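Asks: Work out the full structure: start from the sequences and follow the hints.
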Amino acid sequence: MQTTAVAIHCQVEDATTVIRLTGTWRLRNLPDVIAALGGFTLPRAGEVVLDGGGLESIDTAAAFVLLERLAKLGCAAAAPATRHFSDKHARLVDLVRQRMCTPTALGSLHRGVLYRIGAASVALLGELRRAVSFMGLVTIELLRMLRRPALFRARETAAQFETVCIDAIPIVILVNFLIGIVVAYVLGMEAQRYGASLFVADGIALAMCRELSPILCSVLVAGRSGAAFTAEIGTMKVEEEVDAIATLGLSPVQVLVIPRLLALGLALPLLVLAGDIAGVAGGMLVGAAKLGIAPNVFLDRVHAALELRHFLVGPGKAPVFAMFIAMIACRLGLEVKGDARSVGRNTTSTVVQCIVWVFVLDAAFAVVFQRLDI
Amino acid sequence: MEPAVRVQDVVTRFGAQVVHDGVGFTVPRGEVVALIGGSGSGKSVLLREIIGLLRPTSGRIELLGTSVWDCGVDELNALRRRFGMLFQDGALFSSLTVAQNVAVPFREHTTLAADVITPLVSSKIALVGLPPDAGAKTPAQLSGGMRKRAALARALALEPEILFLDEPTSGLDPVGAREFQRLLRVLADGLGLTVLAVTHDLDLLTSIVDRAVVLAAGKVIAEGPVDRVRAVDHPWLRSYFARSM
Chain A
0 MQTTAVAIHC QVEDATTVIR LTGTWRLRNL PDVIAALGGF TLPRAGEVVL
50 DGGGLESIDT AAAFVLLERL AKLGCAAAAP ATRHFSDKHA RLVDLVRQRM
100 CTPTALGSLH RGVLYRIGAA SVALLGELRR AVSFMGLVTI ELLRMLRRPA
150 LFRARETAAQ FETVCIDAIP IVILVNFLIG IVVAYVLGME AQRYGASLFV
200 ADGIALAMCR ELSPILCSVL VAGRSGAAFT AEIGTMKVEE EVDAIATLGL
250 SPVQVLVIPR LLALGLALPL LVLAGDIAGV AGGMLVGAAK LGIAPNVFLD
300 RVHAALELRH FLVGPGKAPV FAMFIAMIAC RLGLEVKGDA RSVGRNTTST
350 VVQCIVWVFV LDAAFAVVFQ RLDI
Chain B
0 MEPAVRVQDV VTRFGAQVVH DGVGFTVPRG EVVALIGGSG SGKSVLLREI
50 IGLLRPTSGR IELLGTSVWD CGVDELNALR RRFGMLFQDG ALFSSLTVAQ
100 NVAVPFREHT TLAADVITPL VSSKIALVGL PPDAGAKTPA QLSGGMRKRA
150 ALARALALEP EILFLDEPTS GLDPVGAREF QRLLRVLADG LGLTVLAVTH
200 DLDLLTSIVD RAVVLAAGKV IAEGPVDRVR AVDHPWLRSY FARSM
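If you read the protein sequences in the order shown, they are chains A and B. Under numbering that gives the first Met the number 0, the first sequence is numbered contiguously, ending at residue 373. Under numbering that gives the first Met the number 0, the second sequence is numbered contiguously, ending at residue 244.
Among these hints, one or two may not hold up.
Claimed, not checked - Looking from chain B toward chain A, a few residues come up when the C-beta cut is under 8 Å (computed):
#1 17
#2 20
#3 111
#4 113
#5 118
#6 125
If you're looking for bench data, these hints aren't it; they were derived computationally from the structure. Model, not experiment: these values are computed from the prediction. Every residue, glycine too, gets a C-beta built ideally from N, C-alpha and C.
Replies: What follows is the structure, given as structure tokens:
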């Protein structure tokens, strides 16, 4: 397609001002159009006629820019009469001026700093309120289930348990085993200088069972299952499946939340135990390979150092972590609204919130246990 | 002048399943043409092949004289600027406001300054009959009908020569659907657009469509003005038009 130069001429015939348009008035040479219009002024007030006789072609963008310019010069968009336009061009110009009378609000999602601080504070308060209210809702539904055990969805819970626990065992073992190796190595290098390498066994057993395995497993579960909960429930929300559940006379909390909550509450302590074993095994490997501690000697040390209370700390904390992870993940899943982006945003938020809460809770546990001498 | 769309001997197979078995038709410039057919007749697949999203097993598809599946990436992208596509549920970008959605083609494909784009965007939003406050909303805040209008504004942004529509009236109530049809016809006439709509909406067919292309069992079983298509003796067409008789 050829583009011919844009020009606009103005002449006064009798009492009317005739504006003669020539050339190609299209989006692709809109800068020329704007330049041509920039220097254009109406010589005098009065009637205005647009003459399209020399017009190669015109599209809505150019027509809009023209009419807008005329409007700025004091000639209302509806006012100018048209002549010599081809049928097609006349229809287009008419369409544009019919529709352009209403100015449109544009708006942007970008806000000032102060606005965003305020919005974030309000959002945080709302988040806390919703978290508490969700906890209440789930508690009520749990109590209802205790009164009517028929509500318990065994099959769904078992299915969740499989994905949350069984499927996670390989990665939990791998990660804890590797961390066991790393910690034993670092500890061993130091301990060896004091001739105390045997105590690496004490260190590994305590560190893995009390802190590392629970934390690692929780973070893994938060990233793996927490994110999955939010994404699953969130997608169901977008597809209106959650509404369908409610419409069928079922409680979405009973169907979606409680099975996940119970499955995770049961799964995490078991994963922590698996992590304990893998971590100690990792330490034992380094002990045997690098520090000259025979596996049976290493295990004897572990038995001596690891009192039952140390061992129970991990599986004791795990259900609490699990409750937080499941609650956050399910709540954010149910809070998804409308669009696909909301699912992504809430899933991210789940992982971040879960991991932060795991560390906060772990710190709280550490203080309490220390006070109670556990 | 070459036709807006020319489809020749298109064959599409997914594994053993034959979707199109030698489909061919043309869409002349300036006409509103409907591509109709039952569910599973492959009309949406054909549309995806025409706009260059899915390669047919064999056959030739020309848009404005350019063969879609023989030209290079740059040529295809240049071609894509000359047509607009309205997806079934709008496919507006959910992270942007309506105004920002409409501004995307201008930002990506023109060198216009922001202060030129802004009024142009609002003119497009007005052109499709959206209320003035719609520009500031996000797609999730809009009703189905408004989402379609907003998506239409985005599809029309670069002054396309052809407009493709996928089920333009699905999900709209009869009143909203009729209004949207009228808008499409007004825009098609006013802007001199060629429109190819994939639809199974009989109301759309009888109200604003010039010609229809009927797809059944992998073939075009009828092509021509709606009245002529209506007269074609084919079991599917008979039952399709039965309720309006």
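Asks: Checked against the structure, which of the hints given earlier come out wrong?
Replies: 1, 2 and 4
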